[in-house]
Amino acid sequence: MDGFEDMIFGRPEIMEDRPTHFCPGCGHGITQRLIGEVLDELDLQERAVCVASIGCTVTAYAYFKVDGLESAHGRAPAVATAIKRCRPELVPFTLQGDGDLASIGTTEIVHAAARGEKITVIFANNATYGMTGGQLAPTTLIGMYSASTPHGRTVEQSGYPIRMSEMLATLDGPSYITRVSLHNPANVRKAKKAIELAFRAQLAGLGLSFVEVLSMCPINWKVEPVKARQWMADNMIPQFPLGEFKCIPEVEALKKEVKG
Amino acid sequence: MPERTLMGGNIAIAEGAILAGCGAYFGYPITPQNDLLEHMARRMPEEDRIFLQTESELAAINMVYGAAAAGFRSMTSTSSPGFSLQQEGISYMAGSEIPAVIANIMRAGPGLGNIGGAQGDYMQCTRGGGHGDYYLITLAPSSVQDMLDYTMLAFELADKYRNPVLVMADGFLGQVVESVVIRERVKKLPEKKWAITGAAGRPKNIINSFEMNPMDHPARIKLILQKFERMQRNEVRYEGLELEDADIVLVAYGSVARSAMTAMQEARLHKIKVGLLRPITVLPFPYQPLADLAGRGCKFVAAEMSAGQMVEDVRIAVGNRNEIKLVNSWGGVPLTADEIFEAIDLLA
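Chains as they are written, first to last, in this note's numbering: chain H, 1 to 260; chain P, 261 to 608.
In short, the hints are calculated from the structure, not lab data.
Since the model is a prediction, treat every value here as computed from it, not as a measurement.
No residue lacks a Cβ here, since even glycine has one placed at the ideal position from N, Cα and C.
Honestly, I wouldn't trust all of these hints.
[As the list claims (entries may be wrong)] Distance windows between CB atoms, simulated:
(1) H:Glu41 with P:Asp308: 30 to 40 Å
(2) H:Ile142 with P:Val437: 57 to 67 Å
(3) P:Pro450 with H:Gly116: 28 to 38 Å
(4) H:Thr59 with P:Gly579: 41 to 51 Å
(5) H:Gly243 with P:Val437: 56 to 66 Å
(6) P:Glu416 with H:Pro88: 37 to 47 Å
(7) H:Glu41 with P:Phe470: 28 to 38 Å
(8) P:Pro450 with H:Met7: 41 to 51 Å
(9) P:Asn473 with H:Met7: 41 to 51 Å
(10) H:Arg11 with P:Lys487: 30 to 40 Å
(11) P:Lys487 with H:Gln230: 48 to 58 Å
(12) P:Gln347 with H:Glu166: 31 to 41 Å
(13) H:Thr59 with P:Glu438: 27 to 37 Å
(14) H:Gln230 with P:Leu449: 29 to 39 Å
Required output: the full structure, derived from the provided sequences and hints.
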């Protein structure tokens, strides 16, 4: 483009030229952008399939220039399973939040993972139900405010938060399970590498690849957007430790290809 | 496969699906259709097609949605409690205009109920079952041949209207073994330009049931409702036996239609002029032919294995002018020809 020879950062080609609907400080915009960059770099525009889910990711297919579809709450891994088994050349990925994946959809993610389905799951963990106004999520922290635990989550009432990455890592089916965070640029870079590796695992025909992304929801946390990232680092990382929980040797071998 | 063979009802559904080019079957075990699932487990890989036993009926219906969205002819089979779980998924498919076939081999409810056959899901099948405004063509086989033929027809109608189609049978019909003609395989499947096949050389395809701008939703629904209207106008199917001179009309479907036929023959031996109107589609229901018979002064006996569900459609067709008697059984117990004959006898 004329006059843009110096441009070194712009909207990924694969992302539609439209504003997103996310709140100020929301993590989804970052996560979806990282996915967009990876899809561009891996040249997946013609093969990727965006399986949107219920929550703030419900309109995900509107932001990517790839085939996309809706799925019922929690069922995205089942929908992606069917697409991949019917058309193995396609690259389906799901984008799911805490309610979708860790609440109503636990059965589907566990079984897709157990079967080693060759799909990629991006799990946005923001410890709340964003779309519906901030109710309790399976990942809400003890003591944390939620719209349905207005005096703070208690163990007596609502038990303990679920660590999905650790839980799924006990299964033999998945090839790659990791938890990353968006709280600062260095970790956003790591998140992108994880997402790229997850897609590379699928392209290599390996079992389910899963990236849990700790993500901000300032509106429902009732924390100012500029403070949300630090809040997340201070409060969520202790409960949801960052790192790899599963990485089979074949995925390990793919790491040298990851640009990031 | 020989041209004619003995086959069980559930197996006939499976083989009908294969003949129709069903490319993906997803199912979960539930009595009384486990033999259908098991048959597909063996046969689909033989045909180089997709089979998967899923973690639940919820997963099954959502996998059917995924495969159908990817352009495959896709089906699941289940029984009443599993069918209840699938209502949300079916509503999504109706709202997204996704074709699929769902076979419900009905058993007695409500709740865990009984594994014996029943027809207690009639309302669930014909009045939506799931949330929102939608209608599903519902085919009601009453012989093993029907189980095969109507399954093939179901795939055709599903693709024709881009809508799920139900094959509604009962547990008894699923187990009955009868002589069946094996139909010719469908050779050419319709093209599906809307399907998820990867956005190569074309704009992206999006499958959804929702509009980003809520103001656009009524217009979208209107188009679908117009489709349902065409569907209901054009796809009524029924079988009429001995209706030309009938004074009393039996209305029955599924395995009850078989008992009804016997009762009809018995009645004729007793010089009672009985005919049978057997709905093939319970949706769209054959209201008009029943209304015509009512206009002629007929009386009606509605026979079904439920507390009285199809009889309400008979009432809609017939109105208040003519007598309608309900003869029924429930709880997983078959309705016998003798019981139907008694009802005819009381009316005659």
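Exercise. Taking each numbered hint in turn, which are not upheld by the structure, reported in ascending numerical order?
Worked result: Going through the list in order, the structure violates hints 6, 9, 13, 14 and respects the others.
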